[in-house]
Structure formats: C-alpha cells, structure tokens
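Protein chains: 2
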Amino acid sequence: MQGTNTEWSEVEQQVAKAAFQIAYDRETSALIHTVCEEATSATKVEDIWKLHDFLSAKRHDIDGKYDYSYAALIFVFARLVQEKWISLDDLSGLEPDKIAKVSALARM
Amino acid sequence: MQGTNTEWSEVEQQVAKAAFQIAYDRETSALIHTVCEEATSATKVEDIWKLHDFLSAKRHDIDGKYDYSYAALIFVFARLVQEKWISLDDLSGLEPDKIAKVSALARM
Chain A
1 MQGTNTEWSE
11 VEQQVAKAAF
21 QIAYDRETSA
31 LIHTVCEEAT
41 SATKVEDIWK
51 LHDFLSAKRH
61 DIDGKYDYSY
71 AALIFVFARL
81 VQEKWISLDD
91 LSGLEPDKIA
101 KVSALARM
Chain B
1 MQGTNTEWSE
11 VEQQVAKAAF
21 QIAYDRETSA
31 LIHTVCEEAT
41 SATKVEDIWK
51 LHDFLSAKRH
61 DIDGKYDYSY
71 AALIFVFARL
81 VQEKWISLDD
91 LSGLEPDKIA
101 KVSALARM
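Each protein sequence line maps, in turn, to chains A and B.
Residue 12 in the working numbering sits at position 12 of the first sequence, and the numbers go up by one each step.
Residue 4 in the working numbering sits at position 4 of the second sequence, and the numbers go up by one each step.
Check the hints yourself; a few may be wrong.
[What the hints assert, rightly or not] BS3-like mimics (lysine-lysine), calculated; alpha carbons at most 30 Å apart, straight line: (1) 44/B x 50/A; (2) 101/A x 44/A; (3) 44/B x 17/A; (4) 98/A x 65/A; (5) 58/A x 65/B; (6) 50/A x 98/B.
Hints listed in this document are in silico derivations from the structure and should not be mistaken for laboratory results.
Predicted, not measured: the structure shown is a model, and the values here were computed from it.
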C-alpha cells in the first residue's frame, strides 16, 4: 500500500518512486533471465520442481520486499543497495541524512 | 506407497508398473517442454508468476495422480488413458476384465 509521509518532500517522493521502480525492473528482469536459463537446461522433472521451489521463494521475497511505504522505505532501500539492485547514486535527490542512513544500513 | 494385491498377478504387476512409468515419463517430459516454452516466451514478471501458478497446480496434480496403489490402479489408468498419457495397448497383458473397466471409466 502506498503511504504518504510529510518527512518526504515531493521531489524526494519522485526520486524514491523512480529508484524503487528501477530496482523492481532490474530484479524482475534478472529473474526472467534466470528462469529462462533454468528451464532450458532442465532435463528431468526434478529440475522443474527445483525451479518451482525457487520461484515460490522468490515470489514471496519480491512480494514482501517491494511494499512501497514511506515508513519502511529507508530499510527497503538499504536492502536494495545491499543486494545491488540500486546504487546510492540512484537515490541522488534525497536528503543527505536519508542517504547516510541507507548507506550505513546497507553496510550492516 | 506401493501396495500389493492378490488380484494382480505377477505378470499384471509388471505390465501395470511399466504402463505407469510410461505415463509418468510422457507427462513429465511434456511438462519440461511446456515450462521451457513458457519461460523462453516470458517478457514480463507477470508471465513468470503465471508459470509459477501453473507449476504449483501441475505439481499438486502429478503428485496426487502418480500414487501407485493396486486399490486405485484401475481409476488411475482410466484417468491416464482419458488424458492420453497411455493407450489401452499399453495395458496389454492385464486381464480383459480390468482393461474393460479402464476403458469404460476412461469414456466417462
């Protein structure tokens, strides 16, 4: 659910939404690529069940991760930076304090 | 779980196991082929979630269907004939009465 927060200016909200979308597009594109590779190299049904298990976990992970809420956004961005779906440069335009928090959390 | 039944002779048990394996191999090979086609034609993440839903249903279906038990085997074979994973010819060697039952059930 998309929340609002007075701590995020209009400009920051635009930056945040763009960075969020960039991460989502990159991660889902990578997923499509991986699924395609795994499927084309499958030779037995166990490979297909393994792919199914992988997709179940990935779907749960992606559904949970990409919940756009301003209350959680610093943590979400920290995770996305840590997983290299975005860089701190993609957050350029946010207040320095927010970028510092994301950066510190991403290094944990 | 593999049960035993005195109504199935040794020869019939061999025929049944072979037919069961043929159906399983055909259905799982077809599944691998379908998954490969769907994955390579996926362009957006929604296509991947659709594939995941399909695999969830298919896995449930296959896990339930291929339960080798002599008590249920007539019904299992009827379904496999109906779905065209085996033909009545694959059951050649079973008692005529059993083949007639499978044939009648498969036409329902």
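Now for the hints, and whether the structure bears them out:
no. : hint         : verdict
1   : 44/B x 50/A  : 21 Å, holds
2   : 101/A x 44/A : 47 Å, violated
3   : 44/B x 17/A  : 19 Å, holds
4   : 98/A x 65/A  : 19 Å, holds
5   : 58/A x 65/B  : 27 Å, holds
6   : 50/A x 98/B  : 37 Å, violated
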